[in-house]
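Given the sequences, and given the hints that come with them, work out the whole structure.
Chains as they are written, first to last, in the UniProt record's numbering: chain D, 1 to 276; chain B, 1 to 276.
Think of the hints as simulated: they come from the structure by calculation, not from any bench. Quick caveat, the model's predicted, so the values are computed rather than measured. Do not rely on the hints blindly, as some may be mistaken.
[Said to hold, decoys possible] EDC-like cross-link-like pairs, simulated, lysine to aspartate or glutamate; straight-line CA separation at most 20 Å: (1) Lys159/B <-> Asp181/B; (2) Lys240/B <-> Asp51/D; (3) Lys159/B <-> Asp148/B; (4) Lys240/D <-> Asp228/D; (5) Lys240/D <-> Asp51/B; (6) Lys240/D <-> Glu255/D.
Protein chains: 2
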Amino acid sequence: MTRIAVSAPATPITREQADAAQQLVADEFPEHSITFHDQCFMNAGHFAGTDIQRLEALVELANDPAFDAIWFAKGGYGSNRIAEAAVARMNHVARSKTYVGYSDIGYLLAALYRNGIGQPVHGSMPVSARSERGREALRRVLRWFSGDGSGLEPSLDGKTPAVAFNLITLAMIANTPLMPDLSGHIVMVEEVSEHIYSVDRLFFHLANVLPRVAGLRLGSVTDVPENDREFGQSVEDIAKFWCARAGIPYLGRAEIGHTPENRIVPFGLASPSTAG
Amino acid sequence: MTRIAVSAPATPITREQADAAQQLVADEFPEHSITFHDQCFMNAGHFAGTDIQRLEALVELANDPAFDAIWFAKGGYGSNRIAEAAVARMNHVARSKTYVGYSDIGYLLAALYRNGIGQPVHGSMPVSARSERGREALRRVLRWFSGDGSGLEPSLDGKTPAVAFNLITLAMIANTPLMPDLSGHIVMVEEVSEHIYSVDRLFFHLANVLPRVAGLRLGSVTDVPENDREFGQSVEDIAKFWCARAGIPYLGRAEIGHTPENRIVPFGLASPSTAG
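Take a look at the structure:
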């Protein structure tokens with residue numbers, strides 16, 4: 001039984017998306033409950049409410065003993081603006097929770113991980129509940145809450161700590177107060193809607209600023225926009241190129257990304273849900 | 001009299017663009033000469049030749065006493081891949097030259113400035129020679145080579161050191177071995193073809209990683225792609241927001257950017273050309 005609460009620290013979802021996620025839980029995972037904070041549906045320019053509204057909603061849910069887990073509603077950009085303030089205000093209740101999301105939510109997962117707060121987890125989000133393929137991604141998370149690890153990223157071995165990030169999110173986190181110590185970790189990265197030259201540029205940055213990590217795995221790189229010229233290297237060639245320059249072991253592909261196949265990566269040492 | 005040599009450390013230009021720049025110099029600035037390295041026209045995927053070809057051409061021209069200045073042909077992405085190796089191989093001749101370019105060329109300008117090599121200068125590039133407005137931008141650089149400072153960015157006061165960068169270029173440089181010490185500098189930034197949320201994200205990164213700079217000035221932010229939602233803040237509001245959070249004085253606008261109005265910013269203390 002996991003009591004899940006949902007906030008949207010970046011961009012909003014619709015009532016229909018929330019209803020679909022709620023239906024999925026009621027129909028197939030009656031052992032769990034899911035509660036959407038009204039903040040998920042707020043609008044303030046790009047964001048799901050102002051910085052203060054998003055911050056207050058997240059801190060309220062995280063510090064509330066009525067919930068075991070926070071499932072972030074959606075990425076889309078914005079959690080970086082509140083991540084540092086949010087972790088600073090989290091209490092002992094927040095420290096025993098599980099936090100699930102990915103993409104832009106990586107800012108929060110990083111800050112939580114850096115500060116040893118709960119179990120940050122890379123995983124798909126409620127926004128995807130309206131399609132059958134999206135629901136399959138959500139079932140992976142809900143099963144994991146039930147102690148079923150079948151949706152875990154298959155390379156996780158329980159011995160080497162791992163993290164998973166969107167590539168540009170990790171590049172923006174590096175060297176900020178949100179950055180956890182990734183020494184000795186396997187770092188998985190994925191990207192969406194970026195040009196190939198931008199992927200190359202982000203690897204340049206990370207190759208120069210990452211600490212001595214245990215290795216890098218490349219997730220999917222999807223929805224690459226057309227450019228006026230072919231880059232001339234595949235994304236995997238790019239990852240290998242920069243790993244070689246940086247002395248980072250390139251360990252192959254990872255099953256993460258902006259696709260319904262997106263697998264679960266609990267930060268640190270992979271394990272079944274601690275919230276079950 | 002400035003003997004100018006041109007290399008393309010990122011993407012190639014066409015013979016027509018080079019011819020137009022050559023014609024401009026011959027017609028209006030006969031006191032200068034301009035020589036294009038054949039590497040400017042090479043193609044290797046995204047780049048103007050392979051990393052080795054671009055590196056060799058740049059080092060050859062920089063170390064050649066027959067030239068006083070290196071004018072970079074074009075930006076477009078790629079100079080980061082050779083910047084560290086290039087400055088490592090530059091000799092005493094290279095150390096007395098002027099280097100002009102901007103946008104992606106910022107990686108090289110940063111590396112040169114960090115290593116105290118010559119006079120790095122933010123300025124428009126030969127690729128723009130085919131239009132009258134582009135030629136006006138080039139005249140600004142050519143006049144500056146002649147000792148005429150009328151094309152300098154107007155806020156430069158000769159007392160506070162300044163630099164100018166493309167926003168994402170500076171974010172990618174930060175904390176890498178290319179990064180100069182910008183303490184006490186006025187930092188001018190401009191951007192092109194990035195979403196507003198991306199501009200906000202880049203300011204988040206820089207606000208967290210820049211040292212104690214003297215202040216920030218915002219250049220133009222042009223060709224912003226349509227997004228599915230309005231961001232809700234102007235780019236100047238974004239700059240002010242992050243400067244306030246970081247304690248960086250926001251000093252107003254700068255006349256730099258991906259437009260023909262792009263003004264000249266010699267890195268460090270503004271002065272007429274040292275190569276004249």
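Taking the hints in turn, this is what the structure says about them:
Between Lys159/B and Asp181/B the CA atoms are separated by roughly 17 Å; this keeps the pair inside 20 Å, and the hint holds. A hinted pair counts as satisfied when its Cα atoms are at most 20 Å apart, and Lys240/B with Asp51/D qualifies at roughly 16 Å. With a CA separation close to 19 Å, the supplied pair Lys159/B and Asp148/B stays within the 20 Å bound. Taken as a hint, the Lys240/D and Asp228/D pair is broken in the structure, with Cα atoms around 24 Å apart against an allowance of 20 Å.
At most 20 Å may separate the alpha-carbon atoms for a hinted pair to count; Lys240/D and Asp51/B meet this at roughly 16 Å. At roughly 17 Å between alpha-carbon atoms, Lys240/D and Glu255/D fall within 20 Å of each other, so this suggested pair holds.
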